[in-house]
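Asker: Next come the chains, spelled out residue by residue.
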Amino acid sequence: MATSTKTRQFGPPLKRGSVAPKRAQAPPKKPAATKAPGSVARAPSAATRQQQSTPKRAQTPPKKSIAPRQQSAPKQAQTPPKKSITPRQQSAPRQAQTPPKKSTAPQQQRAPKPAQAPPQAPVQAVPPTPKAQPQRVNGRTFRVIGQRTERVDAVERVTGQAAFGADITLPGMLWAKVLRSPYAHARIKGIDTAAALRHPGVLAVVTAADLPPLASKGPVQLGELSIDVAALRELVLASKKVRFQGQPVASVAAIDPYTAAEALELIHVDYEPLPVLENALDAMKPGAPVVHDDIFIQNPGERRSPSNIAAHIEFERGDVEAGFAQADVVVEESYESAMVHQAYLEPQAAAASVDAGGRTTVWTTTQGAFTIKLQLCALLGLGQNLVRVVPLEIGGGFGGKINVLVEPLCVLLSRRTGRPVKLVLTRDEVLRATGPGSPSFITLKVGAKKDGTLTALTGRLIYDAGAFPGAPVAAGCVVGLGPYRVPNLRLDGYDVVTNKPRVQPYRAPGAPQAAFAFESSMDRIAEKLRLDPLEFRRRNAIAVGESLADGRPLPPVGLKQLLDRVARHPCWTRPLEQERGHARGRGLALGCWLGSTLSSACHLMVNADGSLTLVLGGVDLTGTRTAMAQIAAEEFGLEPGQVHVRVGDTDSVGYTDVSAGSRVTYVMGAAVQQACQDALGQLGERAAEQLGAGAGEVEFRAGVFNLRGSKKKGIPYLELARTSLRRGGPVVGRGTASGLPVAPAFAAHVVDVEVDRETGKVSILKYTAFQDVGRAVNPTQVEGQIQGGVAQGVGLALTEAYIWTRGALKNASLLDYRLPTALDLPFIATELIEAPAPDGPYGVRGVGEVPIVPAAPALANAIYRAVGVRMKALPMTPEAVFMASHPRAPVQEPAASPVAGR
Amino acid sequence: MRAFEYRAPTTLSEALKLLAEAKGEVRPLAGGTDLVPQVREGRKRPTMVLDVKRISELRRLEYDPGMGLRLGAAVSCSVIASHPQVRRYFPALAQACALVGSIQIQNRATVGGNICNASPSADTVPPLLCLDARAFIAGGRGQREVALESFFRGPGRTILARDELLVEVVVPPPPKFSAASYMRFIPRSEMDIAVAGVASLVVLDGGRQCQEARIALAAVAPQPSRAPEAEAALQGRPLDAKALEEAGELAAKMAKPITDIRGGAEYRRELVKVLTRRTLEQCLEALKRGPR
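Those sequence lines, one after another, are chains A and B. Just so it is clear: in the first sequence, position 276 is 276 by this note's numbering, and no numbers are missing. Just so it is clear: in the second sequence, position 11 is 1011 by this note's numbering, and no numbers are missing.
Derived from the structure by calculation, the hints contain no laboratory data. Please read these numbers as outputs of a predicted model, since none were measured by experiment. The beta-carbon is built from N, C-alpha and C at its ideal position, and this holds for glycine as well. It is possible that some hints are incorrect.
Stated by the list, open to error - Under the rule of at most 30 Å between Cα atoms (straight-line distance), these lysine-lysine pairs were calculated in the DSS-like manner:
1. B:Lys1242 x B:Lys1256
2. A:Lys761 x B:Lys1242
3. B:Lys1017 x B:Lys1044
4. B:Lys1017 x B:Lys1053
5. A:Lys872 x A:Lys810
6. A:Lys241 x A:Lys528
7. A:Lys189 x A:Lys240
8. A:Lys761 x B:Lys1256
9. B:Lys1253 x B:Lys1242
10. A:Lys761 x B:Lys1288
11. A:Lys528 x A:Lys560
12. B:Lys1288 x A:Lys810
13. A:Lys810 x B:Lys1242
14. B:Lys1176 x B:Lys1044
15. A:Lys761 x A:Lys711
16. A:Lys450 x A:Lys285
17. A:Lys810 x B:Lys1053
18. A:Lys761 x B:Lys1253
19. A:Lys560 x A:Lys872
20. B:Lys1288 x B:Lys1242
21. A:Lys872 x A:Lys450
To be verified - Estimated spans, in silico, between C-beta atoms of each pair:
22. A:Ile803 x B:Ile1105: 21 to 27 Å
23. B:Arg1162 x A:Ile803: 55 to 61 Å
24. A:His582 x B:Glu1005: 53 to 59 Å
Chain A with its partners taken away, still in its complex shape (with noise of 0.2 Å):
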């Protein structure tokens, strides 16, 4: 069967395992040539490194992400210079006051291994008792790690001491408010501040034009990450356009926050609206407004008129005609997925202080501080010894907290005024103004053979970045494909403006979108060939070292032990229940997703009395202090609550990319494992000058530094530890983590269903959720990153999309903005598989962001078998689900019966 999508040739055609993404780029604003090496904004060459999977990007925040929701971030003691803070931050550590606390039995559904949770010692100086039961994995003997140890700042969260962006409160602060446009597209004419400035208790108003010139237009490598300052210029104040409803035009710094409501109204801004474009296929036609005049049609060497389409991605193996030729069932489908917001309980909130001498102190909720710091350096032209930034507890990011949004204003603000204020986002604000995750169209053409043997797959996938580029369009071409292999592939991929809110990173952004596509095709096509879904699956899934879209080698990777344990488990063996008048059915997908890992720092103090503090360059979403003093308590002999890890700002630790990315385990957790290598080996030194032999003849085993081959008494950690100060002085390890490749993660979620056919609603009835996690440092912690992935999947499944009327939202709240509530969720059980990535401390891969990937496709799999309909828009609301399956006469008897599920 030929295929009559190919078009164009770019350059010789490539052969299987070689494909190298093009990208054409416009050459004013993103020139290829300019990018350094290490961005992530890479060229293709790339494709071999490992942070993205993106072949390249130009634009602002790379993607990665995530944050499961159920977390939240510890206590940590950020103490202001010369300002005092919030009293609950003061309180005395937590180890006096915290009497250690058994845990609490492992959660319902057990992971695959021994489920004892671990006492937690008294913090004291006591020598450690080890307590847990120790594992033994892959010839290996673990203590700690693989222990369901509670969470070390489970008080603080509890009790409400942890300190979060809201909680922050400086002397003689003022609070800050945001002006923000009304339009979706218009030309800003001229503001007037006047009367908001005269307005009593008003005591700044700003603007972009009190924001300075930028340095350079393009792309500014900041560390690894490679942001468009430009863009991210306009998305903090508006200049001379607005180019979606929301975008901040001013803020205003008042006594109070009404007052400072108050001035916003006495502002006057001259608008003169532009035709709006909602949706990206609108934009892409010929002839469309444009949302930017200085964004052309990519392709190489063309300059043509200024296009809507920021970006043209394309990976390519084999010959798909021929491919096509081959297939004895080809499918073709189009799918479309909705504007869908990160939803992270926690609104943006930040506090600035700008001293006489010009030193900048940032408070804020975020998922990277070094990255706020960068971008605020960028922006505002200051030099980086002159910044700091604090990073408070995070309510939940899951990628939408890496952006600077509100920094700026409040340090633009309290520049003006002399006075530290602070800006809190109201959730319409965030909802209509902070960046939800891309929108999709996506038409997926696949063929395959009776056997099922896939032969050929073509696809063209339509992102829409909103109002700046930068839709994570190239990682949905890749994850999307990621399961399986396929010789002959064309995948096109379009970055897309459009006047809605500039999207930013999503859990896993660009997969869930491209998954629902992908995973439904695939779906079709076994049914088609009347093969098992699994099996399906099982005949094409790639293997290690095969090739993924963009030519990588897939690295080890347990997707086949996945299967097989699908293949094995009650939830997909036994029949689906079936009961009369009910329409129910059972449906399962895959989901992939790379992840990233930039560069993590942290330094660890061996304290006198034998206990740790260690210090982490990145911020704590999703119980990272605990799993850390795992890895610090395992390595050190200790247990977990012998150490205190804490979140440090950027002046008080080396460099650490954001948390995000599902990189924070496997980055941090090999910064931190290197951090007490390189302590133990200070403590080896002093203990083999003590024994009177070489550094390297002495070995550290069950808290003893031992020389190696004799019986001769070795010298206690502790007893190190004690006289550290007087004998050799301080102990302090430092741990950087930089460059480790790529660990995937790959996930199968077999979910039930039942839908009411007379008014289209779909019940969960069961949901499995399996996972490599390659080691489950804290399998209670991940399997709660699981199942927060997948409440997030369901949502954006089957309730969340944002509603828009010409570029206007009409659901910013979290009333019409509909999250799954509890009891729209079921038990989400989770299956976890731990084949472990070579280059992962203990084996450790990313677990955060892949268990959202496969829901909305196992969802509308099982719909399918249910009633019999195939959803091919996201999400998949009571009403679409009814309309589908009523397509004529809606008010006739409910369809067909189903098509037979498993």
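Put chain B on the given structure of chain A with help from the hints.
Answerer: The following block gives chain B in isolation, referenced to the frame of chain A:
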């Protein structure tokens, strides 16, 4: 949100005086579950908020076999839903009160507030319409009493004059051999606004035929209202599957839904059909278990 004056009178006359003398916009406050978000979002900008929760006439909840239920306008949904006589004689009202928002919301929200907010989707209104409830209003010019159905004038609009307060709702005792039910459809399982809501009340005669049926609809017209044609179609008939289906279709025809972010008009009409049938089925189930 702008600063406003807050008053909490303890007597009805004091409250009416404040209403009569106030300049600017006065908003009575019961549970505040509608008013507070409206004020915070700037949709209402009162100059005075008049808390009515300390007025004893508005706090009454009494059942009398002769007169029926006196339901003070400031009684919370939780109190109503857990009141033994409400549960016994007016289970559909208890059902509706237990659907409003969440448990926390039900602890604050009142039936009086639900009525005065005049949302087309108010959950507690359809059962009250089926129960022939009457609204008692006090104002500067004295008191008046109206059938609840004529209390509403459109979305967010009621017949209350500037100087008037809803004091209580009186629900007559339920007819003998009757049962009532309220169901709504929401996309989620809780914490949502009805896309469509239907309350039904069935009175059976001795021969198990339908002596009287009452059907009230929510969220499918500018205001909650009865569906007399559907009701008439059931009168004097045995309530078999066909009759129920017909009533559903007639109710759907009577509905005048709009398409908005919560649902399309066509879908809402479909829901009315389904919910009418399902509520009637529930009534029959209840009557099978033994009529009150």
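Asker: All the hints need checking, so say for each whether the structure fits it.
Answerer: How the hints compare with the structure:
Only pairs whose Cα atoms come within 30 Å are accepted, and Lys1242 (chain B) paired with Lys1256 (chain B) is accepted, the gap being roughly 24 Å. As the CA atoms of Lys761 (chain A) and Lys1242 (chain B) are separated by approximately 24 Å, the hinted pair is consistent with the 30 Å bound. Between Lys1017 (chain B) and Lys1044 (chain B) the CA atoms are separated by roughly 22 Å; this keeps the pair inside 30 Å, and the hint holds. Between Lys1017 (chain B) and Lys1053 (chain B), the direct Cα distance comes to roughly 16 Å. Compliance with the 30 Å bound is thereby established for this hinted pair.
Among the hinted pairs, Lys872 (chain A) with Lys810 (chain A) is consistent with the structure: their alpha-carbon atoms are about 23 Å apart, no more than 30 Å. Note on Lys241 (chain A) and Lys528 (chain A): the hinted pairing is violated, with a Cα-Cα distance of about 51 Å set against a maximum of 30 Å. Straight-line distance between C-alpha atoms of Lys189 (chain A) and Lys240 (chain A) comes to about 7 Å, which keeps the hinted pair within the 30 Å bound. A C-alpha spacing of about 23 Å is found between Lys761 (chain A) and Lys1256 (chain B), which places the hinted pair at or below 30 Å, so the restraint holds.
In summary, the hint linking Lys1253 (chain B) to Lys1242 (chain B) is supported, as the alpha carbons are separated by about 17 Å, within the 30 Å threshold. At roughly 28 Å between alpha-carbon atoms, Lys761 (chain A) and Lys1288 (chain B) fall within 30 Å of each other, so this suggested pair holds. At most 30 Å may separate the alpha-carbon atoms for a hinted pair to count; Lys528 (chain A) and Lys560 (chain A) meet this at roughly 24 Å. A C-alpha spacing of about 45 Å is found between Lys1288 (chain B) and Lys810 (chain A), which places the hinted pair above 30 Å, so the restraint is violated.
Between the alpha carbons of Lys810 (chain A) and Lys1242 (chain B) the distance comes to roughly 40 Å, so the proposed pair goes past 30 Å and is violated. Between Lys1176 (chain B) and Lys1044 (chain B), the direct Cα distance comes to roughly 44 Å. Violation of the 30 Å bound is thereby established for this hinted pair. Simply put, Lys761 (chain A) and Lys711 (chain A) have alpha-carbon atoms about 72 Å apart, too far for the 30 Å limit, and the pair is violated. Simply put, Lys450 (chain A) and Lys285 (chain A) have alpha-carbon atoms about 39 Å apart, too far for the 30 Å limit, and the pair is violated.
Under the criterion of a C-alpha separation no larger than 30 Å, the hint pairing Lys810 (chain A) with Lys1053 (chain B) is inconsistent with the structure, at around 34 Å. About 22 Å separates the Cα atoms of Lys761 (chain A) and Lys1253 (chain B), which keeps this hinted pair within 30 Å; it holds. Using a Cα cut-off of 30 Å, the hinted pair Lys560 (chain A) and Lys872 (chain A) holds, with the two alpha carbons roughly 29 Å apart. This hinted pair checks out: Lys1288 (chain B) and Lys1242 (chain B) have alpha carbons roughly 19 Å apart, not beyond 30 Å.
Distance hint between Lys872 (chain A) and Lys450 (chain A) is fulfilled; the C-alpha atoms sit about 25 Å from each other, no more than 30 Å. Between Ile803 (chain A) and Ile1105 (chain B) the beta carbons are some 23 Å apart, a value that agrees with the proposed interval 21 to 27 Å. A hinted range of 55 to 61 Å is violated for the C-beta pair Arg1162 (chain B) and Ile803 (chain A), which are about 35 Å apart. Take His582 (chain A) and Glu1005 (chain B): their Cβ atoms lie about 56 Å apart, and the range 53 to 59 Å holds.
When the structure is compared with the earlier hints, violations turn up for hints 6, 12, 13, 14, 15, 16, 17, 23 and for no others.
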